[in-house]
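Heads up: the protein sequence lines correspond to chains W, D and X, in order.
Under the numbering used here, the letters of the first sequence match residues 1 to 160, in that order.
Under the numbering used here, the letters of the second sequence match residues 1001 to 1367, in that order.
Under the numbering used here, the letters of the third sequence match residues 2001 to 2605, in that order.
If you're looking for bench data, these hints aren't it; they were derived computationally from the structure.
One or more of the hints may lead you astray.
Claimed, not checked - List of simulated lysine-lysine pairs, DSSO-like, C-alpha gap at most 30 Å: (1) X/Lys2204 <-> D/Lys1174; (2) X/Lys2035 <-> D/Lys1321; (3) X/Lys2555 <-> D/Lys1321; (4) W/Lys144 <-> W/Lys15.
As the list claims (entries may be wrong) - Under 7 Å between C-beta atoms, here's a sample of chain W residues computed to sit facing chain D: (5) Ser39; (6) Leu42; (7) Ile43; (8) Ser46; (9) Val67; (10) Arg71; (11) Ile126; (12) Glu128; (13) Asn131; (14) Ser146; (15) Ser147.
Cβ atoms here follow ideal geometry from the backbone N, Cα and C, with glycine treated the same way.
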Amino acid sequence: MMGIVDKIKEIDGTKVTVQRENRIFVDVEKERVIGTLYSMKLIGFSQLSVLSVIDRIADNQFEIFYVLYNRDEKVNATVRVWIDRDNPVIETAEKIYPSAHAWEREIAEMFGVKVEGNEEAGKPFILENWNDLPPMRKDFDSIKYSSEHFVFRHSEDKNE
Amino acid sequence: MSKSYELFIGPNHPGIPGNFSVKIELEGDTVVKAKGDPGYLHRAFEKAMEGRYYIQNLALIPRICVPEPDINEAAYAMAVEDLMGIEIPERAKYIRTIVLELARVANLTFWMGSFAATLGLYTLSQWSFGDRDYALDLFNEICGARVYHMFIWPGGVRRDLPPGWEDRVLDYVKYIKERLVDYDNIFFKNVMFKYRTKGMAVVTKEQAIEWGATGPILKAAGVAQDVRKDDPYAAYGYLDFEIPTLTDGDSWSRAMIRRMELDLSLDLIEQAVKKMPKKGPVCAKMPNPLKGIVPAGETYAKVESARGEHGFYMVSDNTGKPYRVAVRGASHTHMFTIAEKVLIGQRLADVSHTLVSLDICPPEFDR
Amino acid sequence: MNIKDYENGSFLKPLASVKYLFKKPHTLRYPKETKPVPDRYRGLHINDVDKCIGCGNCRDICPCAAITMADPSDIRPIEIDKKGANPVRPKIDYGRCSFCALCVEMCPTGSLKMSKDLIYTSPDADAFVWIPLEEQGREPGFTQSDEITPLMLEAEEMEELEPEVRLKSFEEIVHGFTEEQARKEAMRCLGCGICMQGCPAHMKIPEYIQAIFDGKHDESTKFMLEDNVLPGICGRICTHRCQDDCVYQYRGDPVHIMWLKRFATDQLETYKDVEIAKMPSSGKKVAIIGGGPSGLSAAYHLTTMGHSVTIFEQKQRAGGALATGIPMYRLPIYELDKEIGHIEDMGVEIKLNTQVGKDVQFEDLLRDYDAVYIGVGLSYGRSINLKGEEHPNVVQAIDFLREVKVEGRRDITKHVVVIGGGNVAMDVARTVARLQEIKYGSKDTTVQTASLEDWDIMPASQEEIDGALEEKVIFNPAWGPNQVIFNEDGSIKGLEVKKVKHVFDESGRFNPAFYEDQKKLLEGDYIIESVGQMYNFEFIPKEMLDKLEFTPRRKVMVDEYGETTLPGVFAGGDLVETSKGDAISAIANGHRAAIGIDRYLRDKK
Ligand code: SF4
Ligand code: SF4
Ligand code: SF4
């Protein structure tokens, strides 16, 4: 019988790293990500646990990761894809994993990733009237933002 | 021609623990559309964690989930330990298990209270909130805080158990078991409970899988998936237990699954106390937190919360502070994928208890 | 439980709740009844401000930035007598505090605790910020534990040669850290900088330890060289006062700052690649008399300030006591060559075998150079006027050590008595032990010391005493020398000693008294006196020497920049009051004098 790792390796264009027996990382090119997710679902990775982004600012890339779970093999696999940070566009995965819809709204808002095919991605989700850089980006300085938008109170010296 | 209108459930509503709003569109008193609207609670924890030393995040992580903070501490600690390649001492594993199960009991009693309240039975919430308090007292003893324990930390746990604590936990377990008889009488065996919940808000097995449900929603639909069993952490690998499942996937089944989980948790506590090594270290030697570098890497650590799979995706770049921490709360999917769908067709009076039966915990996704 | 029992709801079962009408309620009647507060409760802080040293570690770990360090003197005056302590205490903003107690866990003195009290109310938001004190009367709750703590309390073990092995040669005893050990030890440092105040040179300890931790040994060495031109040497023989001040002294072992320093410099074969800022040439010339640590330090720093410097050294080697006094097993020659070589590479000219007053005149230096620095040190043994000390087999420690180290002397007699209880006496005794082992295989040999001081006040460092004991040196503490006893043939029979009553009198002055009736003979045919050294100013012409002022303790009087009462003449090293008799304070005051000379030269124009 073919092991799950071999099955993933069969999927075109995947680079598989086995961290330990039930934690697998699958790196793919941007063009192949939806196809890979689709194939992953076919081989049993039916649950999307997390979908989010790592801002690889030093490489000027965004790393989008999809943590998937295969309940028969009891294996977590993370599909990772690096995309250009200046033009961050990915295709939606909501057709494959309905729960991706909300995660994609989140990354659109927090990182400014454009998700093609997800109608709500980009509409306000958690934030309200936000007009600065997407806040989870590494170059967004939250302390600077707070000091520009809020008044800090300085307490006087008092002791009980 | 019927006219539809909008209504806000929340942001302050007894049906939801934490500020959160569901915008529903009704025709008559039937929901035709439901949309979750998070943001009232957002505290930018994921961003804040990137700027703090690993140990400093101890102050933030329990606050991600108010009713059950320990799952965050455990998952966070497991992620750090995984990246550092640290094995925690045996006794620490058992202590973690006991603490996590006790937290689950506290959470489930809390949930029972909310659920009964949304069905109009306030007696049970008085009782169960009171009984939860006894669990909080036990937490208070081991770590000096009732809600935000900051007790499980990378390397193990923060202190050994105080003398006699195990016995007091067992007393508590015994007490809850006795109380459950009455809980059953006034609630779980109450005919009104049955009428209000049977056949309500069904999530079938196929739907549960397709939509990515975890925890009680999935178990109520007949899938025995549980991180404690499938990817054992803490001392779960040493304990003997079965994952409860039911088949109908309705509100009633989900409530009953939680009722069964209560029994399971109480049993796990008893087992863990019995099997736990009586002596030994409870924390591995850890590097100086101001300098302690966590080797570069990525990992996903998950635990089973009362609501489902709760995970931390952690990325380290070989410094003393995490590069990225992504928190996965089970409620994220349960709200935005499942609740938004199953609420449709419900009557207004059932919206609150449906949300509670899915156990939507806003702090988990609005983190 | 059986799910079947639940499937059919019941109308009657809920009535079970009625029985609770007759039960005792669970609620407490507050404030008449209260819950007991557990011992580990994390409430408002308590700080024992007398124990606290103001190190600021609590502030550094606080995840909520709730702590600032504030001057407590208006509220509660504190005495800052502890070494290294900062006159500030944590002040906590309870609008920010998350009651995580990490500050308590990280407190190295254990002064900070949480209390069992969490109730405090005020309509004024500013009233929630205060300096916690013990006087606030809160009952202690959560405290730190020594078993589980984020602090790394234990130091790395240093590998050393076993006593049997090390006696056989003058090989360096201490191996030095391995890369891994050094990293671990460097990791322990909290970066608080409390130790810097203990270091006479105020070296940038947290910075260079951080650089070692980061594996940047050249950067680390650069930080060291800014204040200490002989870091590799100090990494071996320093009196490491910094370690005595390290915050870990209160809990656990101090960080091995000295050995870390040695590790970092050992990683560099030369300091050629260390980037050192050097100012453009000023055209000024400075003469330095004496090539000991203070002279080298002054010379180096003056060079980096753009002056051209010449050192006049009377011996055949530069380094002063480092070169001639400290035995090889503590400080190998190559280390000296490396660091003095670096100073020469920086452009300092060193004239060896040149005695001022003989080969070159002091007046000429004053004329030919823009400034003169005297760093001749205490290079002559002090005699105690012992009866019989004229005998050729009664020698001075400083000469003996030089002969062994520089001239390669290897002969020794079988039974040796060393007078003195300081570090130099230990050096002598341990050197003798080696020579005896090499010559006689330690068969039938003895080396013993006699010191006025008893164990508790012996001036030598504990490490040295332990080392000597391991090497079978016999101690006679609290026995003072009386006279040398001779055999009939004129050879030495031994040293007669008498029991010491006290070393210091009631007012704390050095004033030894003896029990004249308690005497004993320490048998030995060779006696080495090691009771201190003195300076010799014969090279300074009389009329000038008269103008040179001294302090009551017979040290050269200098201002804070090392200038003596003779204009343009500076002094440092062991000659001045700021010396503590060790290399590092000489290095420090040499550096200080360099700054003074630089100012003097720039003002002179
Ligand atoms: S860590 Fe402890 S000793 Fe240091 S300043 Fe804070 S309270 Fe004082
Ligand atoms: S308890 Fe935690 S948050 Fe409060 S002052 Fe101490 S470190 Fe800061
Ligand atoms: S060596 Fe000790 S005193 Fe110095 S900075 Fe490090 S921890 Fe603080």
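Against the structure, the hints come out as follows:
1. X/Lys2204 <-> D/Lys1174: violated, 60 Å
2. X/Lys2035 <-> D/Lys1321: Measuring from Cα to Cα gives roughly 39 Å; hence the hint is violated.
3. X/Lys2555 <-> D/Lys1321: violated, 53 Å
4. W/Lys144 <-> W/Lys15: violated, 40 Å
5. Ser39: At 17 Å from the nearest chain D Cβ, W/Ser39 fails the 7 Å test, so the hint is violated.
6. Leu42: violated, 14 Å
7. Ile43: Result: violated, 15 Å to nearest chain D Cβ.
8. Ser46: holds, 5 Å
9. Val67: holds, 5 Å
10. Arg71: holds, 5 Å
11. Ile126: holds, 4 Å
12. Glu128: holds, 6 Å
13. Asn131: violated, 15 Å
14. Ser146: violated, 10 Å
15. Ser147: violated, 15 Å
Hints 1, 2, 3, 4, 5, 6, 7, 13, 14, 15 from the earlier list are contradicted by this structure; the remaining hints agree with it.
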